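Engineer: My request is simple: use the sequences and hints to build the entire structure.
Number of protein chains: 2
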Amino acid sequence: MEFLNLVKLRQSSRAYEEKAVEREKIELVLEAGRLSPSANNAQSWTFVVANDTEIKNRVADAAYKMGGAFVRQAPVVIALVAEKPLLISRLGAALKKIDFTSLDMGIAAAHICLQAAETGLGTCMLESFDEKKVKTALNIPDNRRIALLITLGYPADKQREKKRKAFDELVRWNRY
Amino acid sequence: MEFLNLVKLRQSSRAYEEKAVEREKIELVLEAGRLSPSANNAQSWTFVVANDTEIKNRVADAAYKMGGAFVRQAPVVIALVAEKPLLISRLGAALKKIDFTSLDMGIAAAHICLQAAETGLGTCMLESFDEKKVKTALNIPDNRRIALLITLGYPADKQREKKRKAFDELVRWNRY
Chain A
2 MEFLNLVKLR
12 QSSRAYEEKA
22 VEREKIELVL
32 EAGRLSPSAN
42 NAQSWTFVVA
52 NDTEIKNRVA
62 DAAYKMGGAF
72 VRQAPVVIAL
82 VAEKPLLISR
92 LGAALKKIDF
102 TSLDMGIAAA
112 HICLQAAETG
122 LGTCMLESFD
132 EKKVKTALNI
142 PDNRRIALLI
152 TLGYPADKQR
162 EKKRKAFDEL
172 VRWNRY
Chain B
2 MEFLNLVKLR
12 QSSRAYEEKA
22 VEREKIELVL
32 EAGRLSPSAN
42 NAQSWTFVVA
52 NDTEIKNRVA
62 DAAYKMGGAF
72 VRQAPVVIAL
82 VAEKPLLISR
92 LGAALKKIDF
102 TSLDMGIAAA
112 HICLQAAETG
122 LGTCMLESFD
132 EKKVKTALNI
142 PDNRRIALLI
152 TLGYPADKQR
162 EKKRKAFDEL
172 VRWNRY
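Same order as they appear, the protein sequences are chains A and B. This note's numbering puts the first residue of the first sequence at 2, with every later residue one more than the last. This note's numbering puts the first residue of the second sequence at 2, with every later residue one more than the last.
No lab work stands behind these hints: they were computed from the structure. Note that the structure is a prediction, hence the values are computed from the model and not measured. A few of these clues could be false.
If several chains are the same, the list does not tell them apart, and a pair holds so long as it fits within one copy or across any two.
Said to hold, decoys possible - The calculated lysine to aspartate or glutamate pairs, modelled on EDC-like cross-linking and capped at a C-alpha distance of 16 Å, are: (1) Lys134 / Glu19; (2) Lys159 / Glu18; (3) Lys134 / Glu170; (4) Lys166 / Glu84; (5) Lys134 / Glu55; (6) Lys20 / Asp158.
Structural biologist: What follows is the structure, given as structure tokens:
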């Protein structure tokens, strides 16, 4: 598939079929995340997969935003956990007020969601959830941060048209 | 191309051919960025393209880290400028200490670099640079943040093997 078509295919799926995701497909999706680049190749992340129904439901119940009902439908939820950033990233962040770890997490999340779309799976990135409850459900240490959750499953929603700002509104040439 | 092969193909290119990039190829790469998802569909970014040699060189000279010499070689540099995040993102960031705008910027950067790789172009994400100098070169307002720069051009470096942590080191199942 052409990459731009894959970009168009990927959408936030908020309805899922009642069907488990095969282990090898979950692994393929995570492999695309594993291979993603990061500042200074820090790879300061851990991907925690909740695919045990009981544990996954505990995570789903902690995703209070946007209803959370569809999170319960999804057979898999992946937590992207930020490990301590490398010193150089922390220095950079302090200097520039840019959060390199969050930036890296975004790259990995994009890889994961695009690979899922190619594999016929739906995803939704969730940035609002009760972090403490998710940590408890997945046994994640208190001093780690969960950057985001990604639901994963066979999508049951229709393909939608993307609503985006116009190209000329976003892009400037040689001068802001 | 299979997505995972595209992921493997994309690498940080630090050598470029002396060859301009066609306008339509630059636009294709930016289109993949335009279509990328963002928290609450905020799209709080502007992509500033430096492809005028003189202006691009001023940007290159502000990219002090990693030599910066290869940035001068690249015929194009794209600055990803963070606009003010939506209130909901700012509230979320304050609550969770996660920088949603940086996370979104990472997603857009991944889309841009993957599209470039498919188009036969090389990229390198640069997170260390003299932000003030880049702002001056591109006339970017003082109150904006530049999340990162991306070089773009025909790559002159060889394909390298990716060095990444082992799968089992990164991935946990149902328990951290």
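Engineer: Provide an ascending list of the numbers of those earlier hints which the structure does not satisfy.
Structural biologist: The structure breaks hints 1 and 3; every other hint is satisfied.
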